[in-house]
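Asker: In case you want the letters, here they are:
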Amino acid sequence: MKADPRGVLTGVHFLDGDHACCEGALAAGCRCAFGYPITPSTEVVERIAQRLPTVGGVFLQMEDEIASSIAIQGAAWGGKKVLSVSSGPGISLMMEHIGLAAMTETPCVFVNVQRAGPSTGLPTLVAQADMMQARWGSHGDYEVIAICPNSPQECFDLTLHAFNLAETYRTPVMFMMDEAVGHMTERVVIPAAEQLEVVERRRPREKPSDQYALYRCEPGSRVPPMPPVGEGYRFHVTGLTHDERGYPVMNAEAQDKLVRRLVDKIRLAEPELARYEEFQVDDADVVLVAYGITSRVVQRSMRLARERGLKVGVFRPVVVWPFPERRLRELARRVKAFVVAELNLGQVVLEVERLAGGTRTVLASHAGGALHEPEAILKVVQEVLR
Amino acid sequence: MKADPRGVLTGVHFLDGDHACCEGALAAGCRCAFGYPITPSTEVVERIAQRLPTVGGVFLQMEDEIASSIAIQGAAWGGKKVLSVSSGPGISLMMEHIGLAAMTETPCVFVNVQRAGPSTGLPTLVAQADMMQARWGSHGDYEVIAICPNSPQECFDLTLHAFNLAETYRTPVMFMMDEAVGHMTERVVIPAAEQLEVVERRRPREKPSDQYALYRCEPGSRVPPMPPVGEGYRFHVTGLTHDERGYPVMNAEAQDKLVRRLVDKIRLAEPELARYEEFQVDDADVVLVAYGITSRVVQRSMRLARERGLKVGVFRPVVVWPFPERRLRELARRVKAFVVAELNLGQVVLEVERLAGGTRTVLASHAGGALHEPEAILKVVQEVLR
Amino acid sequence: MSRTEIKIGGFGGQGVILAGMIIGRAAALHDDKDATLTQSFGPEARGGACSAQVVVSTERNLYPCVTAPDVLVVMSQPAYEQYVGGIRPDALVLYESSLVEPNGLPAGCRSFGIPATSFAEELGRRMVLNIVMLGFFAALCDVVSEGAIRQALAASVPKGTERLNLDAFTRGLDYGRALRAKGG
Amino acid sequence: MSRTEIKIGGFGGQGVILAGMIIGRAAALHDDKDATLTQSFGPEARGGACSAQVVVSTERNLYPCVTAPDVLVVMSQPAYEQYVGGIRPDALVLYESSLVEPNGLPAGCRSFGIPATSFAEELGRRMVLNIVMLGFFAALCDVVSEGAIRQALAASVPKGTERLNLDAFTRGLDYGRALRAKGG
Amino acid sequence: MATAGRDGEGAPPRRRLRGEVFIHRERCKGCAFCVEFCPSQALALDKAFNRKGYHPPVVVKAEACNGCDLCGMYCPDFAIHGVRVGAGVDDEG
Amino acid sequence: MATAGRDGEGAPPRRRLRGEVFIHRERCKGCAFCVEFCPSQALALDKAFNRKGYHPPVVVKAEACNGCDLCGMYCPDFAIHGVRVGAGVDDEG
Amino acid sequence: MSQHVNPVEPFLRMERMPHIWCPGCGIGTVVNCFVRALLKTQVDIDKVSVVSGIGCTGRIAGYFRADSFHTTHGRSIPFATGLKMANPELSVWNFSGDGDLIAIGGNHFIHAARRNADLKVVCVNNFTYGMTGGQVAPTAPLHSLATTAPYGAFERPFNLPFLADSSGAVYVARWTTFHVRQLVKSMEEIMHKPGFCFIEVIAPCPTAYLRRNRLGDGLEAMRHYKQSSKVVHGADTRSVDIELGGPIVVGKFVDRDRPTTLEAMRDELHKSLGDKYVPYPTGVQR
Amino acid sequence: MSQHVNPVEPFLRMERMPHIWCPGCGIGTVVNCFVRALLKTQVDIDKVSVVSGIGCTGRIAGYFRADSFHTTHGRSIPFATGLKMANPELSVWNFSGDGDLIAIGGNHFIHAARRNADLKVVCVNNFTYGMTGGQVAPTAPLHSLATTAPYGAFERPFNLPFLADSSGAVYVARWTTFHVRQLVKSMEEIMHKPGFCFIEVIAPCPTAYLRRNRLGDGLEAMRHYKQSSKVVHGADTRSVDIELGGPIVVGKFVDRDRPTTLEAMRDELHKSLGDKYVPYPTGVQR
Ligand SMILES: Cc1ncc(C[n+]2csc(CCOP(=O)(O)OP(=O)(O)O)c2C)c(N)n1
Ligand SMILES: Cc1ncc(C[n+]2csc(CCOP(=O)(O)OP(=O)(O)O)c2C)c(N)n1
Ligand code: SF4
Ligand code: SF4
Ligand code: SF4
Ligand code: SF4
Ligand code: SF4
Ligand code: SF4
Ligand SMILES: [Mg+2]
Ligand SMILES: [Mg+2]
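Protein chains in written order, with numbering that gives the first Met the number 0: chain G, 0 to 385; chain S, 0 to 385; chain C, 0 to 183; chain Y, 0 to 183; chain U, 0 to 92; chain P, 0 to 92; chain F, 0 to 285; chain V, 0 to 285.
Looking at chain G on its own, in the form it has when it is part of the complex (with noise of 0.2 Å):
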């Protein structure tokens, strides 16, 4: 479907990336969201609270970030499109919620800006060190897609992916911005309503009646339709693990049958989930592994190299979990070592040296609050390369 134009600024701005990502939403389709401040965040609550009455949409700033989490859930299944926002302290507060999600296939997108850690820590500051909350940080097993944009316009334009996602395979999309591109303006082009491709719920074919289950897949599928609410499919949704039905059934088998499905939906999914870029990794020695602002960063790493005959390529991956798995063990296959920068002690790099299957994995670490020098990730390829 295209985009609803109500929701599209259509046109050339100078945006930061929380204005671009609130502007992603409303492209998408957002016409609920439900957010409580926090930098470096605050700037797509506060944008979205102003553009969304203008819109047909509605937002509430809640009592806390716990409410937030689960209100969109409840504005998901009363068939909106939802999103809330928040940054390390106030993510760490949705935890629950996220599982929640998860676990009844609600489609939301939940925005953390990312900032320097644990705790209060340097909250103006940038750093990238909730990768693995936003993969681990709730109980249970389950799985959650993840995506890090890399500019004010990738802001807008994964922001709307997210939101794509998030309908396609009903479960929480972690929309994993950072300070640096949350704060960063820059040029951000929004095309035209028609433009956008926008995936919608996918309602169920079948007529309310007695027979209905809400978890019931089409064959082939992992991802059941979603009732709307108040057209008298009289579902239940709960939390506890549960049959197609959406009964409570409290044994090894069902869930073994539900919490499988919910992460194979995703995990085999990885293919077609996979988004990276790639830049010279085909004659690359080491590869710069990157993500988010970061990836912007390496760049510069990888000229210096290029500069001093050293053969650096950069993979990024834009979609971050599931991990683009594939492509990796492939470039592990061909290349002497992996080089992962990242604004954190060591995360993403550790998915990376499980999938390089041996071959030399290290990090370029920084503990958050400023970027890294690019000199001092060369430093790290040339320690490689020694």
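Honestly, the hints are just simulated from the structure, not real lab data. The structure presented is a predicted model; accordingly, all values stated were derived computationally and were not measured. Glycine included, every Cβ here is placed at the ideal spot set by N, Cα and C. One should not assume that every hint holds.
Pairs of lysine-lysine, BS3-like flavour, derived with a Cα cap of 27 Å [stated by the list, open to error]:
#	chain 1	residue 1	chain 2	residue 2
1	P	Lys60	V	Lys225
2	F	Lys275	U	Lys60
3	S	Lys378	S	Lys335
4	S	Lys264	G	Lys378
5	G	Lys264	S	Lys378
6	V	Lys270	C	Lys158
7	F	Lys275	Y	Lys158
8	G	Lys335	S	Lys264
9	G	Lys378	S	Lys256
10	V	Lys225	S	Lys206
11	Y	Lys158	F	Lys225
Some chain V residues well away from chain F (every beta-carbon gap over 12 Å; in silico) [stated by the list, open to error]:
#	residue
12	Met16
13	Pro17
14	Thr40
15	His107
16	Leu141
17	Leu144
18	Phe161
19	Arg180
20	Lys192
21	Leu214
22	Glu242
23	Asp254
24	Pro258
25	Met264
26	Ser271
Chains S, C, Y, U, P, F and V with the ligands: place on chain G using the hints.
Answerer: Okay, now just chains S, C, Y, U, P, F and V with the ligands, sitting in the frame of chain G:
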């Protein structure tokens, strides 16, 4: 130091794991606890509510887990050894404060009696699917210690150990029980107080003064001593990035200095922290890796395998985080494969695979709600050896 | 190593867990065996079938689950129906005879019934049904000694109810002994 | 590819970010260059030194940080002191001359001062200090065209204040032009 | 014909009403709410057990039932309810 | 000797008190609370800036200050305070 | 429907029976009353949503054959807020236990009342955490026993009608499960009343509360409610505290009008934005 | 101390000055008053702990030269509860903003008041989230503007004294930063009063609230406080709502006595456990 006899219920008991955990805490000197009930951990707070007033301690049931998880930190700074306890949903709510404890170096023990998730899941049934959450659940970079007991006796012994580690490293310790261990009743032998070694909080040697720096470590140490409140040190504690004095400093250098130390004090202590058990690994082709209740189940799988002439051993990390990395790497050099059995769809196996560096690593997964059938694990072993 | 798996089943509220607890404690603390008690918990415990499992063994018992009970003690029909399928072909089955109709029992099994509810009601408290069953168990199963069970029983019941519980135990024990004497 | 790094510094509340925003927007939307604006945020922005950085380049600018400014615009002494160390040896330095004493400037730098606060106060609103500086910048730095800045300015200031802001801009521009004519 | 009794509020009956009560024995958990609060004392607990081991209610004075459905409103297990039969003024407030 | 003015509550002075006021110019952020609420009108904002660019207070009627320290209590930047000098009855309620 | 069919059956997921509630538990009684209120008001059940948190009471959602949501412990109110905001034509009913609504969920409760979210909130107050086996609740009377207050509760309990009232609820009533007729009537009243409406229902929990406190079984509790309740419509909510075994003031205490969240939002936006405001439904006909 | 030294200096970490508060911000004034109260009561500052959440107000902890704790947003009360329970001899003071204390922290607030935790709670109410730049707060007057209520606030704000009162606080007062003497006096009063004591201080936030609402700068706000405040000691807390630009009722509204959490706990445990109870200090001399 020796344990305070008041808290030690010396004798031979028939206790379940939850109760034994409570006794371990009391023996360790825990005198302040805050909690909120949740299956299957409730018995821990129930027993502690009953026991603490008789040993000079204090328990309060708080309004929720968020309150509990920070009230214990207030109490820790107030001079007490503290514990809170919950299960999946409640633990998810504690995530912000686990980060706070890591950041402020507040010794405290969080008991998680794991049930099956995600979300409300199977409240009364077993799983081990919060292992990655224990490590990554809060935002930002930090490390915790996580311990998995496999019997009521160990619930006693290792809870005491958990308190000792919390004090030694000034860190939150995640005591990762599972429903099976928590609700299993067995003989528990509680020694006399004078046979129990208990670590008391290290106080600063220096007297209060304007020069006092809350987070200054003694040479060679990464763990600063912790002052008592109310005695003139006039210290400041913050979850913001801070310097040695504990004052907020908002830049990347302070971040690097602080957070790197916090992470390193645990990571680099892996050799001292490592605790594992091994069974028949010496001649093993395949090593079964399992922790918590599953480490008992794989014993039977191992027996079944050995009966069939298969050379199978068992490696059981007791301290799971930090993972006993050194030992696993050693094993990886001489075994054909690891089979990791855990009550989840793949968590600790990722760490094993990463450390195995190419040695085949296979998961025997189980979504929870019951224990593995020993035969199912055997089957995985047989497939691996085929 | 000898290992015996015992399963006790009934409705929530019938004291199934306590019965298991006493057997386990008897074995672990007074018979110097290794015993592991596991149980089913939760909202289920309020309505449907509810069970306790005890594994008693002469060495350290590593595997805690009951997979094929050697002994099944049941106090309700749903529990009987739910659990009978899993028992060993030569299992001992003890049941409350006014609540359980033990149909379809495998041929190799020995089974004994006791009208424990009536006995308990005669003793004045329906609640001691489980203790009557316990006496019955002590009479017919030798895995745990009677003396150990008596000790564990005394330590496990609320103060002031010892007499009542001992009576209930004796009632079940006597009934069981009589049956056994008859050639159980 | 040509790349210019611009840093603007001052106290919080002086409109540092807005100045950066206008330069960036001018370059990105009206001069068809690539521009990246970054800024320092937070409680700091209320008291101490606060800054905006603009990278203007003729191609896609990947690396967003300002590492060694080509142009430094400063409106407070602390900002000057904090930032002057990092500038290029041949940088252009523009400063508010009643608030900044540009001591220790590297030899190769060109520097120009303007009493922008007084100009702004003369115009009746101290708040337009930043726009005066912007005009000054337009006069002395050619990275972004004056026309583009004027367009961006008009689009960036609150309705009703366009006149005032244009005046402020012109005031700074004229002063800068005059200086330049004198051989800047 | 049933004699209407006092309802939960003790409101006096306006006129005599006829009713019928339906019991689902196997659903009952023997709480006795219905018996206790039937304004017509139409019910009593059975001596016999149902399959769950509870004593369900039995109708002891069928003719007394006024169909007020108080039993139905009280019953936590949806095991009983009353209905009006024939004409009659609704006496519910 | 200072003339005591009205305090924050408008309580009338009991007697004349003498005081001295101390100003830390560089801490001031020019909010003018002290000037506005000095009961003795002893202060005014300086025309000159401090280094932060604010106009700090100056004492314009030193003899009027009664040392009530209201300026000290008000000042959000801990940049001013008053003290009593010599004898005098405390007029604070 | 056949007279042999219990009137609740069309409204419940009978295939899920028997329910989990204990013998003598009052929760089923509340369900009965809700069904009667639905029948009487003839409201379109397709437009009714039932939202619960976690707890024995929370299981109501799972048995109700309407669109129903069994969310997380303490969070039924914000979930319901989202649902209602997204779909204002729904009648959104919350059923929550005292722990769910007021312990962990207390903040959402007071904020939703404050902003007058258009929700119908029924709290089954059994003075304890039933589901988890009888821990002390924020409504537990002083000196009552609980597994986590084994020596007696020592914290002053909340008086729920007062808390609701002082937070801004537009309708506040309290009944016990003995007062089935009155409870039905209250539910009927709020079915069409816009704004945050709150009904507290005192209910027996024999398993986790009554027995431990030697208050007998469900029937004894019901007798106690009958004997010790006093209907005081319009009672000052400050005066309706409950003490262990003491009298219970019941009645409709508050019934007032003020704009719902969506109405207030609409008015404010309309005033400020004029034509630029794209009207959003409020779900309320006034 | 030298007369040239500002009396706050011995109590503050002067090495951390200048503080982050904006020109005309009222928070510093509250700090002054607290210092005066400490001076007057001559309390041992080593036994005073200052606890804050996150926000501009929350930064008080960082500047106070006492054992001080800057915790997480909304959670100063449960942290303080733990601190006090562990170490009852401390005098534990909470300084929190309105968002911190009542938005995210609202549940802890009402529960701590209910259980009468022995805490001294000072809320700097500036009607907004200062630290994050002026979002709408649960105290924001109707129709006031905020970044997240760009068209005007449409939710009824909490009346904090009423909320504290109805939750059970034993001492409730409200002042503005204009009322420095009275604020000092209230702080003195609660320094030794056992139980949950609450003081609301209305304070100017020129940066994030006043300017956006065209209410001028800090000075104008202070003038407004002076002109529009009415001291009504013992006012019915239900009557002290605040409207945009409207009058402000100030005064001491509530001052009553009931056992603190620790006292009530001690009494209950003692009664039930007798000799088996190992006495735990309550920190209160009565
Ligand atoms: C976050 C979280 N904490 C705790 C629990 C455990 N829990 C489930 S229900 C419940 C309390 C139930 O009490 P109440 O709300 O009064 O309902 P009742 O069972 O009494 O009807 C608790 C603590 C949970 N499910 N989730
Ligand atoms: C969990 C969490 N959510 C949000 C924030 C962001 N945050 C910091 S301070 C604040 C509000 C400050 O407002 P208030 O409490 O009124 O204090 P003030 O700054 O006005 O003094 C917010 C939302 C945070 N730090 N942590
Ligand atoms: S009210 Fe229902 S459950 Fe109770 S006795 Fe009557 S029929 Fe049985
Ligand atoms: S309907 Fe039920 S309660 Fe009413 S009179 Fe008949 S049996 Fe009694
Ligand atoms: S009150 Fe303080 S900051 Fe304000 S003008 Fe006076 S001295 Fe300066
Ligand atoms: S102490 Fe300050 S406020 Fe008081 S009279 Fe002197 S200058 Fe004025
Ligand atoms: S535990 Fe209590 S509330 Fe829960 S079902 Fe049983 S009686 Fe009802
Ligand atoms: S933003 Fe407001 S509350 Fe924060 S320091 Fe500035 S004036 Fe004070
Ligand atoms: Mg309850
Ligand atoms: Mg505020």
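Asker: Run every hint past the structure and note whether it holds.
Answerer: Cross-check of the supplied hints:
| no. | hint | result |
| --- | --- | --- |
| 1 | Lys60/P / Lys225/V | holds, 24 Å |
| 2 | Lys275/F / Lys60/U | violated, 70 Å |
| 3 | Lys378/S / Lys335/S | holds, 16 Å |
| 4 | Lys264/S / Lys378/G | holds, 26 Å |
| 5 | Lys264/G / Lys378/S | holds, 26 Å |
| 6 | Lys270/V / Lys158/C | holds, 20 Å |
| 7 | Lys275/F / Lys158/Y | holds, 18 Å |
| 8 | Lys335/G / Lys264/S | violated, 31 Å |
| 9 | Lys378/G / Lys256/S | holds, 20 Å |
| 10 | Lys225/V / Lys206/S | violated, 47 Å |
| 11 | Lys158/Y / Lys225/F | violated, 69 Å |
| 12 | Met16 | holds, 35 Å |
| 13 | Pro17 | holds, 35 Å |
| 14 | Thr40 | holds, 28 Å |
| 15 | His107 | violated, 8 Å |
| 16 | Leu141 | violated, 8 Å |
| 17 | Leu144 | violated, 9 Å |
| 18 | Phe161 | violated, 6 Å |
| 19 | Arg180 | holds, 30 Å |
| 20 | Lys192 | holds, 17 Å |
| 21 | Leu214 | holds, 17 Å |
| 22 | Glu242 | holds, 15 Å |
| 23 | Asp254 | holds, 17 Å |
| 24 | Pro258 | violated, 8 Å |
| 25 | Met264 | violated, 5 Å |
| 26 | Ser271 | violated, 4 Å |
Of the hints listed earlier, those the structure fails to meet are numbers 2, 8, 10, 11, 15, 16, 17, 18, 24, 25 and 26, in rising order.
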